Amino acid sequence: MTEVTTVDHVVIRFAGDSGDGMQLTGDRFTHDTAVAGNDFSTLPNFPAEIRAPAGTVAGVSSFQLHFADFDIRTPGDRPDVLVAMNPAALKANLADLPRGGLIIADTADFTPRNLAKVGYASDPLTDGSLSDYQVHALDLSGQATAAVAALGLGRKEAGRTKNMYALGLLDWLYHRPIESTIEFLERKFAKVPEIRDANIAALKAGHAFGETTEVFANRYKVAPAPAPSGTYRQISGNRALSYGLMAGAAKAGLQLFLGAYPITPASDILHHLAAAKEAGVLTFQAEDEIAAVGAALGASFAGRLGVTATSGPGLALKMETIGLAVMLELPLVICDIQRAGPATGMPTKTEQADLTQALFGRHGEAPLPVIAAQSPGDCFAAAFEAVKIAIDYRTPVILLSDGYLANGAEPWQVPDLSVLPAIDPAFATELNRPDGEFWPYLRDEKLARAWAIPGTEGLEHRIGGIEKADGTGAVSYDPANHEFMVNLRQQKVDGIQAVVPPVQVDDPSGRAKVLVLGWGSTYGPISAAARRVRGSGRDVATAHLRHLNPLPANLGDVLRSYERVIVPEMNLGQLSMVLRAKYLVDVYPYTRVRGLPISLSELAADLTEIIDYQEGLE
Amino acid sequence: MTTTDPAAQGLAGVPLSLTPLNRKDFTSDQEVRWCPGCGDYAVLATFQGLMPTLGIKRENTVIVSGIGCSSRFPYYVDSYGMHSIHGRAPAIATGVAMTRPDLAVWVVTGDGDALSIGGNHLIHALRRNVNITIMLFNNRIYGLTKGQYSPTSEQGKVTKSTPAGSVDRPFNPLSLALGAEATFVARTVDSHRAHLTEVLTAAISHRGAAIVEIYQNCPIFNDGAFDTLKGADGGLIPLRHGEPITFGPDNSRGVVRNADGTLGIAEVAEVGLANVVVHDAHADDPGFAFALSRLTDTAGLATSPIGILRDVDRPTYDDLARAQLTVHADADERLAQLQGMIAGADTWTV
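Sequences listed follow chains A and B, in order. What the first sequence shows, in numbering that gives the first Met the number 0, is residues 0 to 617, in sequence order. What the second sequence shows, in numbering that gives the first Met the number 0, is residues 0 to 349, in sequence order.
For reference, chain B alone in the conformation it holds in the complex (with noise of 0.2 Å):
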């Protein structure tokens, strides 16, 4: 796996600790109450794992969430966290980022939260490309409010609130968040360990706006719906800069370009190796990793990419409108420049 520039990395200016910190260190007093056997606990631990790692101080780490069960995430962590409203969380992660360089933010939201009520602070915030971090839990479903389908869950969805199946079709999380032309865009999933830690510490280590879509299971709600994705047959298809896209039992599936310029899936057997489309992450364009998230198909998940389909190097917003500004360092001399620029040009005097 690859990381961006390193002269650009997202936690430059983040101070480093001069102690090495562990797990412990990002555990907070506060009692976890996730239902048992809920995927956000998987996320927590590999979190808490993955920080000490990072190098930086722990009191330079903010985690700002919405509302759901996921957005519960930053009382479990013993860093500064706000536990928002519902969708505002990367509004409000926007101006802790613009005026702080020196802190990693993370954001914490589902599928509910970032794609519905908080769609247009998602776009926004990835457009701008301010520089943090976004977990975006996907389990489906709206499992704090008891069981309502989301803007995720498959069409045709029976639940409390569509009795009859829902009739809306679902956003591809990946597709939107490409639409924005983030810059880092990827997906993980919450029972795969090693994966996680790696795309998330890529996506903290991209200096920009970073999403990672995490699939993570419901067992009350939604259990099972990402089972046909799991295991030695499923349909994860693992990305790797550089390498070609295969994927299945014995790497026996690949990635194919079709006539009509979209991707598709081939038995690499039949097509030969030479023909499986390499991945890559920089490609200036979002779309080719466009075409990629379109490999998910979001009715039955049958096949997803997971890992990392963009990474790319743009300046950051905040770091452009950090950069307009000249300030002084003296006190005394910024009131005087105060007291000058309210006293404008055309003063008259009594």
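Chain A on its own, in the form it takes in the complex (with noise of 0.2 Å):
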């Protein structure tokens, strides 16, 4: 009789041969799990060949999954649960599993030859290797295949079923219900239908199996997450990013064009855009990085919502076209999926390297806003704010999100658009001097310049990457003028500070010594962290920055208040240099580019030993 047992929280890594389906299957028991109400994050590996040697280690795709029944801000750093379709699988990830960990593998690809190919002299299944392990080596695909039978698929085909397989039977160790899934296959499949029909009945047959066998000892609960009540989905980094932009567009009643080169990891969000024509998003799939940033550009000197989307080698070609876009201050959108670098570096994985890029990485003195988004959901609203600055400003913003981000999932209570603010693009539609001309260099209170598009009766101008005379827009030569525009572009970028709320410092028990502060996607580790070490009776504060330039106002006092500051970053300390810079504060760097994300135990132990250090100094 298998018994249930009541758990916080689970790991699951589903890892396979890249062809063998398992972003899929990790997909769909994100979706299992979010109907069962749980908090969940997701992490999906898969290597940058898109179909790698088949068996080897190097072509392993895994998708790893934490859901618990409390508010979680990882994907998790070791797996509980590893389900492992081939030897490569096993061989690519055990060494994550912590001993005692629950390993499924699939039986049917532990042949001698697939074994010989990772270097496994005998079958670690059978040879007692794994001792240390809960091991349940089940013949998956022969299952799968047997339970497909009588719809008369072809033998690659019905084996193709052992996906579905897998994740019926985890669905049904965890609990989960398995009804979405079956109208997702109906959906997906709706014109194959064998194929639909295989899919279906693998997944129904694995959760039988595990109904009768009693192979399984236990069987897990993981009881609902509480959260705010509202209507809620699944959401990537980069769905909600471009969401975000979308938002942002609609509420400013702009047009969202997107000009973009594919390139990993934000060719989903031109995916993303490109699939809302209905909603008018134009997207342009330029012939260069550059070529993509000036035809958005193009766009906002028309009128519209220029947005580009790259990743770290294609920021660095558009830079001139975004220097050009500070000189015209024009709205536009530059969104940068970091990626591990430099030079193509390690595409599918994710790093914060691009920091001082986005900081820094002009000619000349180039000052703009950057943004970044700390979670997948958070996306949506980091977007918003961008596209609201953008316009508000007239000014380029870079938008940093990670491979992290972009590809990882998490629950996300869908805004209510209505009362999200409101952008108004306040587009000049008269003269502006009392002389009976135009100036479109004439600028508001927040600095703003004139925006008049073209089609504008008697507002007619030309704009250019020649310096400008202040207010004219004229092109000036004259010293004393080019000092003033340089020193009047950062005043309008520093004065972005007015709508850039203060950061807000989380120390539960007010005593903390010691204050972690983080940017971006280390959001997740960092206040995971902090939360086992607080749970270790220890004080610890964190405070997380969206803005990187400008920085809150209070920061340099937020920073001051603490006797020891850790900046947890995937870069060689960036920010940190930036903050010792600014503020002459002997911040820590903390910094791990491994090309994922920082492990929360291992910062949890560091900060451990740092706060014990720091009390132990009085």
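Among the hints, a few may not be true.
Taking lysine to aspartate or glutamate pairs in the DMTMM-like style, the calculated list, with each CA pair at most 20 Å apart, reads [said to hold, decoys possible]:
hint: 1; chain 1: B; residue 1: LYS23; chain 2: A; residue 2: GLU436
hint: 2; chain 1: A; residue 1: LYS276; chain 2: B; residue 2: ASP318
hint: 3; chain 1: A; residue 1: LYS276; chain 2: B; residue 2: ASP329
hint: 4; chain 1: A; residue 1: LYS276; chain 2: B; residue 2: GLU153
hint: 5; chain 1: A; residue 1: LYS190; chain 2: A; residue 2: GLU210
hint: 6; chain 1: A; residue 1: LYS276; chain 2: B; residue 2: ASP222
hint: 7; chain 1: B; residue 1: LYS145; chain 2: B; residue 2: ASP222
hint: 8; chain 1: B; residue 1: LYS56; chain 2: A; residue 2: ASP267
hint: 9; chain 1: A; residue 1: LYS581; chain 2: A; residue 2: GLU364
hint: 10; chain 1: A; residue 1: LYS220; chain 2: A; residue 2: ASP68
hint: 11; chain 1: A; residue 1: LYS190; chain 2: A; residue 2: GLU156
hint: 12; chain 1: A; residue 1: LYS220; chain 2: A; residue 2: ASP7
hint: 13; chain 1: B; residue 1: LYS229; chain 2: B; residue 2: GLU153
hint: 14; chain 1: B; residue 1: LYS23; chain 2: A; residue 2: ASP70
hint: 15; chain 1: A; residue 1: LYS116; chain 2: A; residue 2: GLU48
hint: 16; chain 1: A; residue 1: LYS581; chain 2: A; residue 2: GLU562
hint: 17; chain 1: B; residue 1: LYS56; chain 2: A; residue 2: GLU429
hint: 18; chain 1: A; residue 1: LYS90; chain 2: A; residue 2: ASP126
hint: 19; chain 1: A; residue 1: LYS220; chain 2: A; residue 2: GLU48
hint: 20; chain 1: A; residue 1: LYS90; chain 2: A; residue 2: ASP79
hint: 21; chain 1: A; residue 1: LYS512; chain 2: A; residue 2: ASP605
hint: 22; chain 1: A; residue 1: LYS512; chain 2: A; residue 2: ASP611
hint: 23; chain 1: A; residue 1: LYS187; chain 2: A; residue 2: ASP267
hint: 24; chain 1: A; residue 1: LYS187; chain 2: B; residue 2: ASP345
hint: 25; chain 1: A; residue 1: LYS203; chain 2: A; residue 2: GLU182
hint: 26; chain 1: A; residue 1: LYS445; chain 2: A; residue 2: ASP469
hint: 27; chain 1: A; residue 1: LYS445; chain 2: A; residue 2: ASP493
Keep in mind that the hints were calculated from the coordinates and are not lab data. Bear in mind that the values here come from a model prediction, so they are computed numbers and not experimental data.
Work from the hints to combine the two standalone chains into their complex.
This is the structure we're talking about:
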């Protein structure tokens, strides 16, 4: 008899060959988990190669899901359960599994040839080398094939349903309802009924196998996590970011124009927006990164919301045009979905090493606002804010996300668009000088210039990359004017601090001596690590930056009010450098550049050590 | 000279001016700062003269330029304009044209801007057939940077950057454009005002990407670059759709088809007018126009066709892209629709 154990959180990793459908399996388990009401966070991890050699460690694709009965912040460091569809998947992931962890392996692929391919001299499922783990070696492929035998599929296609069989089994093991996945399969394969029926049959068979077999001594329950009432969906960072851009454009009453060139991990933004034609979104797959941002700037000049989306290498190519946008003072949103660099680096792996490129990577004095999203769902709000600032201040804005946020998913409360703030493009429509002239560089109290769009009678004007005379915008080589304009553009961007909320410090006891300050996607690991540290009775304060330029007005005071400031980043200390330069505060960089999110357990252990040392100083 | 099918006019969608405009309406208050004797003056004057004849609203004209002497052009025309960055004007203009079918969009560029640093954008704008009109000022030299050889300079050009003579072969800009299957390809000369007017008017009236190469004299760094072509005995070969292609003194020379299929030049008296090739600007295949473009010898410029080499109708990129969109006219409906879209199909309620 299977016993039901209640646990508060579980981390499952599905791993298989790139062609085994592990991303889809993980994605569906996530949906089934969402329906069960748990909080969750996901981490897809896949090779850059589209079809890496089958059965090799390099070709392993995995999907990790962390779900819980409480509010969680990360996809988890180490899985409790590893689903390995072949020997390569076991080999690539076993080191991450703690002793005692559960392994569910598909024996069908554990052939002598496949074992040899990844360097196993004997079958680890039977040779006793996994005795420290709970191993369930099951012929998932064979059982799936048998389950769909009556449907008359070819052997190959029947075998491909093994991922749905595994999903059904895991759904049973963790009490997930399978109805939403059945509905999904009905939609996805509506046009190929035999594939649809086979996948549904395999899913049900996997579930039924769990129900009838006595292989599993334990079955687990994870209670729903409390959440504010509302309508929720699962969302990835790139999707949320795309929707945030669309919401911003809609609230401004402007058509959204995306110029983009395909690049990992930003391409999904192009895909999501290209699929939004019924919302009037115009997308342009350009010949290169430079044309992508150029066309976006052209669209902004024409009175639309110009946006471009890229990753680090593409951002480098766009920089000259972004400098022009700084000079033209036109709205433009540049989304940089960071990946591990430099050069091609590791395109499918995450990093935060474009911060200094975003802040300083242009020729000349070319300040612009920089905003970073902190979680997949937060990409929506960050994108919306980027749009609002770009339009309100007539400035290019760089929005930073990264591969972890882009592909990771979490539950997301669908926002009510009607309550989002309005955005007013405030196009100039009339002459703005008492002498009956129109000056395109006449400014409002925010220092935002007049934005007159082509087609507006009487406001014809020329803008360009050559230095502008203050006010008129005419070409000027006057030294004093140049210095004035350089300062004015800086003041305008600095002035955005007026709409940057003060940084909020989370210091529950009020006694912390150590502050951990992060930005971007380190939010999850930092807040989860802080929770663990506090759980051990220690005090730690945390704060997180959305605005990297301009920084919140109270940041200097906050930094100076702690004895020790730690800044975890997935780079070699870029924010630390900025903070040291700007505030003369001796912040400590905590850096990891492994292409993966910072490990919460490692961070928690290191913070514990730092806090104990700091407490011991007195 | 023929123009395109009236149903596919390049300026369809651009609002018409309610009052007649004149040259002064297209003249800005900026002092023109090209060198004395620069061919750009003639092009600017011609442009300011032809714009009022189009009948469109001044404020619905946009000129986007890159970098170089000729790219100062937008500052001198009283309409909307952007002096952008080196080589990128076709890309920026693509964004303008895609989002605003109510604008007449011009691109001003030069041989270095369009064919060197901006070569990629040029060929892709032409390939896509974006509804823009490109004026390529070709003076076969870098003027603004003071006299380096350009991608259209003849081989062996001695300049400050090539003191021993340049060794690379030049582009034939129109062969390049035709290789990209541009739908409107023409050439004209700065000093031939009537021809310039006629060709530019036909170009802006073409729906799709139009490129006009303008032979433009740089009196400072490459003076007389086109002198071999100009004058009554020169080698300019005027093209007129439907007419035999003859040129030279008393139209004594003509274009004939060689045995190998290429085009060549012969004395009309020797071959007979019946054997002179009749120009067909509307040939569907770009091969004929390409063969015409090869009559320009890029070394000595002994001969070169002027006029419209190719003018064919193709759907434009921007028209097709816009046709894929469906947009609710009502803002509330648009927001409601977006609300549904972001919720998606898989939601749950807490």
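Hints versus structure:
Among the hinted pairs, LYS23(B) with GLU436(A) is consistent with the structure: their alpha-carbon atoms are about 17 Å apart, no more than 20 Å. With a CA separation close to 14 Å, the supplied pair LYS276(A) and ASP318(B) stays within the 20 Å bound. About 16 Å separates the Cα atoms of LYS276(A) and ASP329(B), which keeps this hinted pair within 20 Å; it holds. Taking the CA atoms of LYS276(A) and GLU153(B), the gap is about 48 Å. The hint is violated against a cut of 20 Å.
At most 20 Å may separate the alpha-carbon atoms for a hinted pair to count; LYS190(A) and GLU210(A) exceed this at roughly 31 Å. Between LYS276(A) and ASP222(B) the alpha-carbon distance is near 52 Å, which puts this suggested pair outside the 20 Å criterion. Pair hint LYS145(B) plus ASP222(B) holds up; C-alpha atoms about 13 Å apart against a cutoff of 20 Å. Under the criterion of a C-alpha separation no larger than 20 Å, the hint pairing LYS56(B) with ASP267(A) is inconsistent with the structure, at around 40 Å.
Distance check on the hinted pair: LYS581(A) and GLU364(A) sit about 17 Å apart at the alpha-carbon level, within 20 Å; holds. For the proposed pair LYS220(A) and ASP68(A), the alpha carbon gap of about 10 Å is at most 20 Å, so the pair holds. For the hint pairing LYS190(A) with GLU156(A), the CA-to-CA distance comes to about 16 Å; that is within 20 Å, so the pair holds. Taken as a hint, the LYS220(A) and ASP7(A) pair is honoured in the structure, with Cα atoms around 8 Å apart against an allowance of 20 Å.
Of the supplied pair hints, the one linking LYS229(B) and GLU153(B) holds, its CA atoms being roughly 18 Å apart against a limit of 20 Å. For the hint linking LYS23(B) to ASP70(A), the alpha-carbon distance of about 68 Å lies beyond 20 Å, and the restraint is violated. Taken as a hint, the LYS116(A) and GLU48(A) pair is honoured in the structure, with Cα atoms around 18 Å apart against an allowance of 20 Å. Restraint check: the Cα-Cα separation between LYS581(A) and GLU562(A) comes to about 18 Å, which is no more than 20 Å; the hinted pair holds.
This hinted pair checks out: LYS56(B) and GLU429(A) have alpha carbons roughly 17 Å apart, not beyond 20 Å. For a cut-off of 20 Å, the pair hint linking LYS90(A) to ASP126(A) stands: about 15 Å separates their Cα positions. At most 20 Å may separate the alpha-carbon atoms for a hinted pair to count; LYS220(A) and GLU48(A) exceed this at roughly 37 Å. With a CA separation close to 16 Å, the supplied pair LYS90(A) and ASP79(A) stays within the 20 Å bound.
Straight-line distance between C-alpha atoms of LYS512(A) and ASP605(A) comes to about 15 Å, which keeps the hinted pair within the 20 Å bound. For the proposed pair LYS512(A) and ASP611(A), the alpha carbon gap of about 10 Å is at most 20 Å, so the pair holds. Distance restraint check for LYS187(A) and ASP267(A): the Cα-Cα separation of roughly 19 Å lies within the 20 Å cut-off, and the hinted pair is therefore satisfied. Restraint check: the Cα-Cα separation between LYS187(A) and ASP345(B) comes to about 13 Å, which is no more than 20 Å; the hinted pair holds.
Restraint check: the Cα-Cα separation between LYS203(A) and GLU182(A) comes to about 13 Å, which is no more than 20 Å; the hinted pair holds. This hinted pair checks out: LYS445(A) and ASP469(A) have alpha carbons roughly 15 Å apart, not beyond 20 Å. Taken as a hint, the LYS445(A) and ASP493(A) pair is honoured in the structure, with Cα atoms around 10 Å apart against an allowance of 20 Å.
Checked against the numbered hints listed earlier, the structure breaks hints 4, 5, 6, 8, 14 and 19; every other hint is satisfied.
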